[in-house]
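Visitor: Chains as they are written, first to last, in UniProt numbering: chain A, 1 to 300; chain B, 1 to 262.
Bear in mind the hints are in silico, worked out from the structure with no lab data behind them.
Mixed in with the good hints, there may be bad ones.
Listed next, the in silico DSSO-like pairs over lysine-lysine satisfying Cα-Cα at most 27 angstroms (straight line) [said to hold, decoys possible]:
hint	chain 1	residue 1	chain 2	residue 2
1	B	Lys124	A	Lys26
2	B	Lys157	B	Lys175
3	B	Lys124	B	Lys175
4	B	Lys157	B	Lys9
5	A	Lys26	B	Lys175
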Amino acid sequence: MSISTKSVATLFGGAGVGRLPSGSPKLRRHLVGIGWGMASIGLFTAIWEILWAIGWANPLLLPPPHLFLQDIPGTLGYFSQKNIVGAKAAGNGVTGLLLTILWTTSRVVLGLALGFVLGVAVGAMVHYVRMVRNLLLPTILLLAPISPVAWLPVAIFVFGIGDVPAIFLVFITVFFAIVLSTVAQLESVPRNYLHVARIMGATEAQTFWRVTLPAILPSLFMTLRLNLFAAWMVVLIAEAVGVGSGLGQITSMARATFNAKLVFFTMAIIGVLGFLFDWGLRYIQGRMLWWVAPGQGGSK
Amino acid sequence: MTRPAVSIKNVAKTWTPEGRPPVHALRNLSLDVMPGEFVVLLGPSGCGKSTLLYMIAGLEGTSGGVIEQDGAFVTEPSAERGLIFQEASLFPWLTILDNVAFGLSVRGVPVAERRAVAADMLRKVGLGDMMEKKPDELSGGMRQRAACARALAMRPKVLMMDEPFAALDVQTRSKMQDFLLQIWRDSGASVILVTHSIDEAIALADRVVVFTSRPGQVKTIVPIDLPRPRPSRDPRYHEYRDMFTELLADEVDRAFAEQEVV
Numbered sequence: 001m002s003i004s005t006k007s008v009a010t011l012f013g014g015a016g017v018g019r020l021p022s023g024s025p026k027l028r029r030h031l032v033g034i035g036w037g038m039a040s041i042g043l044f045t046a047i048w049e050i051l052w053a054i055g056w057a058n059p060l061l062l063p064p065p066h067l068f069l070q071d072i073p074g075t076l077g078y079f080s081q082k083n084i085v086g087a088k089a090a091g092n093g094v095t096g097l098l099l100t101i102l103w104t105t106s107r108v109v110l111g112l113a114l115g116f117v118l119g120v121a122v123g124a125m126v127h128y129v130r131m132v133r134n135l136l137l138p139t140i141l142l143l144a145p146i147s148p149v150a151w152l153p154v155a156i157f158v159f160g161i162g163d164v165p166a167i168f169l170v171f172i173t174v175f176f177a178i179v180l181s182t183v184a185q186l187e188s189v190p191r192n193y194l195h196v197a198r199i200m201g202a203t204e205a206q207t208f209w210r211v212t213l214p215a216i217l218p219s220l221f222m223t224l225r226l227n228l229f230a231a232w233m234v235v236l237i238a239e240a241v242g243v244g245s246g247l248g249q250i251t252s253m254a255r256a257t258f259n260a261k262l263v264f265f266t267m268a269i270i271g272v273l274g275f276l277f278d279w280g281l282r283y284i285q286g287r288m289l290w291w292v293a294p295g296q297g298g299s300k
Numbered sequence: 001m002t003r004p005a006v007s008i009k010n011v012a013k014t015w016t017p018e019g020r021p022p023v024h025a026l027r028n029l030s031l032d033v034m035p036g037e038f039v040v041l042l043g044p045s046g047c048g049k050s051t052l053l054y055m056i057a058g059l060e061g062t063s064g065g066v067i068e069q070d071g072a073f074v075t076e077p078s079a080e081r082g083l084i085f086q087e088a089s090l091f092p093w094l095t096i097l098d099n100v101a102f103g104l105s106v107r108g109v110p111v112a113e114r115r116a117v118a119a120d121m122l123r124k125v126g127l128g129d130m131m132e133k134k135p136d137e138l139s140g141g142m143r144q145r146a147a148c149a150r151a152l153a154m155r156p157k158v159l160m161m162d163e164p165f166a167a168l169d170v171q172t173r174s175k176m177q178d179f180l181l182q183i184w185r186d187s188g189a190s191v192i193l194v195t196h197s198i199d200e201a202i203a204l205a206d207r208v209v210v211f212t213s214r215p216g217q218v219k220t221i222v223p224i225d226l227p228r229p230r231p232s233r234d235p236r237y238h239e240y241r242d243m244f245t246e247l248l249a250d251e252v253d254r255a256f257a258e259q260e261v262v
């Protein structure tokens, strides 16, 4: 997901190959980017359709886009409006789809936000409090490399079936990465920034909020973006296994009922959502962290 | 006799790296800097002149002796003793204006007032039309001028500079020296500047303090008795340069010899 957006931005946006007659250079680059994006997706779709047309792709297993996008109202029937475990698809159509997306998205957002805030807080404590560092850091280093998916049984044992295990898994995915990134970044804040703050008479709190935090924020945001992909992965798994609603559950149900059209339809939605998420994070990064050039994560 | 702005009395600094013999960076160093005086610390690299600056700023403690500013012991950093580094070290997340206003905002000066002071200061250093720019958008010389404005906005009694122009190209460097003399006269602050450039020392200083190599001590203090500006074609300029070259050559040789022993 993040890879696709980045490639669109850097490969096509930066190249400026095409020659369109009118518009500002920025708009033109934008249009060229969109044009290449559409060409890329179009080519991919075309190959798939051709494979279907010559009979190599079995439409029951790999239905090409024109098949899985053909009967949208019918497909939408599978999306339930209720966030209840085991709810039967009541056929709520578009609202059902939107609510399903909303459930999944809100789990991702909540998990990311919790992981980011708590990760920075714990990372800061590890950095500033020697006792905390000595006691916590070895455990964090031990737990950090464990794949978030491995936490799934734990999440279900502890939190049961419902929203919480999914949010917990997203949280786990970003938490350790943010903690370690925070610790590393805090150590590499330019000493002269801190000297300037001390000379100007800033208190420790002022120094943290107004110098240290802005100095490390760009890198932390980069860490968050890099872990977004993993966060989406685990939320779908959690939904397929332990939650009983959301896009992951639909995929799982589609697999169980051998509904390839529904699988691909849901995959398409997941792809678009991932793209939008990464775009959104980059947008926030651009607005909030305006001193960092786009695509550049490190603080100077 | 007037009271010195900064008084350094028998100061020593010793580093004790783990598992290795202690390093004596400075030993038995005494120096007075008078109000409004321009003092240049000149010495071979590693002689502890930057360390002395950090100790005057209050960022480092002394291992012996005391440092006083206007008769009071230096125990912690203060905006009365501004320090400018080799890199401007402006905060990239603030505009130039807010960078200069940072010290005032830490003190709780209201937005309108601190921005007015900062804008005034930026105009004085010739960055009046750069206020809303990011530090990245400025050239090295401009950034260093903004760093000066940031220090001057706090009305320091002493302005310290740690090789402030070392990262700049030669042309910018000489322009910055003129600029520095101008803000020094305007502000009335004492300036203590660290450099290893003999020309810079002659161009700027009232007095040049020549350091010995490690452990750093005052080798000699040379008043520069030339009216400013000091064109390098002046024969007396050359006399000074020859003298400093000789003084430093001894120290550099000694430092070299010692490194070989170690």
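Visitor: Against each hint, give a clear statement of whether it holds in the structure.
Guide: To see whether the hints hold, each was checked on the structure:
1. Of the pairs offered as hints, the one joining Lys124 (chain B) and Lys26 (chain A) is violated, with about 37 angstroms between alpha carbons and a cut-off of 27 angstroms exceeded.
2. Distance restraint check for Lys157 (chain B) and Lys175 (chain B): the Cα-Cα separation of roughly 24 angstroms lies within the 27 angstroms cut-off, and the hinted pair is therefore satisfied.
3. For a cut-off of 27 angstroms, the pair hint linking Lys124 (chain B) to Lys175 (chain B) stands: about 15 angstroms separates their Cα positions.
4. At roughly 19 angstroms between alpha-carbon atoms, Lys157 (chain B) and Lys9 (chain B) fall within 27 angstroms of each other, so this suggested pair holds.
5. For a cut-off of 27 angstroms, the pair hint linking Lys26 (chain A) to Lys175 (chain B) is broken: about 38 angstroms separates their Cα positions.
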